[in-house]
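Novice: Please model the complete structure; the sequences and the hints are all you need to start from.
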Amino acid sequence: MALVLTEEQRLLQDTAKDFLANNAPVAALRKLRDEKDPLGYSPDLWQQMAEMGWASIILPEAYGGLEFGFLGLGVVLEESGRTLAASPLFASAVVGASAILLGGSEEQKQALLPAIAGGELTLALALEESNHHRPTQISTTATAQGDSFVLNGSKCFVLDGHSAEQLIVVARTSGGDRDSSGLTLLLVERDTAGVSCQRTILMDSRNAADITFDNVTVPAANVIGQVDRGWEVLEPVLDRGRVAIAAEMMGVALEAFERTTAYLKEREQFGQLIGSFQALQHRQAHIQSEVELCRSVLLQALSTVDDAPQELPLLASLAKAKLNELAKRVTNEAVQMHGGIGVTDELDIGFFLKRARVAMQVFGDTGYHKDRYATLCGY
Amino acid sequence: MEDLENFRLEVREWLQANCPESQRQPMKREDQYWGGRRGKFPSEDAKLWFERMRDKGWTTPEWPKQYGGGGLSPQQGRILKEEMQRINARTPVYGIGIWMLGPAVLEYGNEEQKQKHIRAIVNGETRWAQGYSEPGAGSDLASLQCRAEDKGDHFLVNGSKIWTTAADKCDWIFCLVRTDPNAKKQEGISFLLIDMDEPGVSTSPIPLISGESEFCQTFFDNVKVPKENLVGELNKGWSVAKALLVHERKLMAEMGSDSPRKVLVPNAAAREYLEFENGKIADARLRSDLVDYDMQMQAVALTHFRTFEEKAAGVRSAAGMVMKYVGTEAEKTKSELLLAIMGSRGLGWEGDEFTAQEIDTARLWAMSKAMTIAGGSSEIQLNLIAKNVLELPQS
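Protein chains in written order, with the numbering used here: chain A, 1 to 379; chain B, 380 to 774.
Everything labelled a hint here was simulated from the structure, so no lab data went into it. The structure displayed is predicted, hence computed values, not measured ones. Among these hints, one or two may not hold up.
Claimed, not checked - Examples of chain B residues lying across from chain A (beta carbon under 10 Å, computed): (1) D600; (2) R650; (3) G658; (4) D671; (5) L681; (6) F687; (7) N762.
Just so you know, even glycine gets a beta-carbon here, dropped at the ideal spot from N, CA and C.
Specialist: Right under this line is the structure:
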């Protein structure tokens, strides 16, 4: 467990910062949005990221991975949060790769992980069915039929759902509609007959979709983990995703915060720099203190994934709740302190504000994680 | 790493053999030993425990061996602390000398001062008070007025200091005094050590809203102080004070986790004073306040660990700069939360109708209000973060 980055991790962070500043600045996202890019990210950029090993940071060397652990992943995600880089990094290299790694058979790992590592295979987790994160409230069904399952139901807020080649679908094979038991994870090719996918345009100009499954036949060999026991894989996968998105949110928040501090040092009103006003100083200083707390929480959560997975649920909820609050506060203050220009599309700050709101909903909002944390603490 | 593990085993064994059973019990305030000429041991075991720890240098584990300290590395110091916590071993001696003056003298004092004062602190022979704030200079420390005139072989000190903790029980006081009245605010200040037995020094306690009066006002009326008691250079006391404030802030941030009294924590209080339904606190608002507090406290504790790891790794960050602010604000939140959880049981002030713990909680609540004022108020902390971390323009 470490709360300080190693030399190696700092180098990776510097490399990521340079690469993203040159190849995926906020302007790149703005361009994807303005040109209504059908894919929502640049495949060339993703290939370059994969060549640098980012698609395989958390994967063992045996599957073509970099084996750099979650702290390594964290610094890359944080830097990609700073430039709002759109890529399959989260959905494929974190969530998808973790599902295969934690739940897949040896055969599945051999077949899929090297392809993920190479940036050739993209994945998406088809989980949510309502407007709030309720990971056990699943009514999409998978019914056994000979050597196959037949899938019926609909999913929403599927990150990268419209662009991923394969979907990891959370379906109910038994149990009541709120039970954590009776869930099964199935790997489904997105162009299988009966899968229909509708891209949704969200405020952050990134990539999500609604997907329906109408009598989709999936071979039983595509089950990830065990039938009815998908929750044992899904819960740790979600926790890894929560910590990872928290790292991205740290980058989003820090960038918005630093841009705002810089603005306070150049904007003049009433003949003075507005940064000299104590009303603004104290608000930024308070955020700095929250940034420091969130930094410690995030580092601990990232190293918990690798070193103490039994404590991950508590740390993942702590990190997600804390970073949700930080990202919300920072982006709101960023807009307010920029004043009129803060609400124009011309300034990038709005992009940070909008990305923060989407990220806050991913895998559980603040209320969800506070409730979970309290429950884990026994009250 | 292996050396550290061996060290841990040695420490564990030594503590097991040398820490008397009675010194592993929860401590009440009257069980604390603060040293000094007027210091009394609460028991024979406490004396034995103190002497054993003193002989190892472990009353001040990380101070240099040549002045009687333990000579431990930060990592070893941490291990000792953890092992003591593991068996609930009591802190053998408390004191501002250990927490604040010692580190400052080690950094800024000359050899004679180290020989004289450090050893006396390690041996528990002197109890120190701090003389910074003045009635007219609270948060604005640099505007202090207590003056020391150069009289050739000595300084003549006149003025007063306020919030001098337990000064009526102390032997020595370290003071910031004005030595050059014409210099700009924070120039012209010097750091002086004053023997409280000198003629002209007097103290009077100040009753607080908590019902306690551990703070005093201390008066200096033509007190002669030998020149050798100046720490650091003349008129450069501000840099000594700054170094010391860092220690004070760290200390106040730590107080919650290292409190000498075993006090109620909100999570435990909830089980005792609140209704539960299906395993959850029935009052949704209190449940939500409690989870906010628990998360904040865990974040503060992790940040505390981070500052330690950063120090060991030689990494600089802003984490240390925010600890005083977040630590004391969290303590205040905790006290308010405890009162809310306990309802009318949290209001008892004295008498047998309330448990000692309930009365302690109410009094600590009142005391917690001082924590965000003393040692640089929260507002001052935010000013410092704005200036030193964010480097915002100053008006």
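Novice: Confirm or reject each hint.
Specialist: So, going through the hints one by one against the coordinates:
Nearest Cβ of chain A to the Cβ of D600 of chain B: about 39 Å, over the 10 Å cut. The hint is violated. For R650 of chain B, the interface hint holds, the least distance from its beta-carbon to any beta-carbon of chain A being 8 Å, beneath 10 Å. At about 7 Å, the closest approach between the beta carbon of G658 of chain B and any beta carbon in chain A falls short of 10 Å, and the interface hint on this residue holds. This hint holds: D671 of chain B has a C-beta 7 Å from the nearest C-beta of chain A, less than the 10 Å allowed.
For the restraint placing L681 of chain B at the interface with chain A, the shortest Cβ-Cβ distance is roughly 4 Å, inside the 10 Å limit, so the hint holds. For F687 of chain B, the suggested interface contact is upheld, since its CB lies about 9 Å from the closest CB of chain A, less than 10 Å. About 7 Å separates the beta-carbon of N762 of chain B from the nearest beta-carbon of chain A, less than 10 Å, and the hint is met.
The structure fails hint 1 only (numbered hints given earlier).
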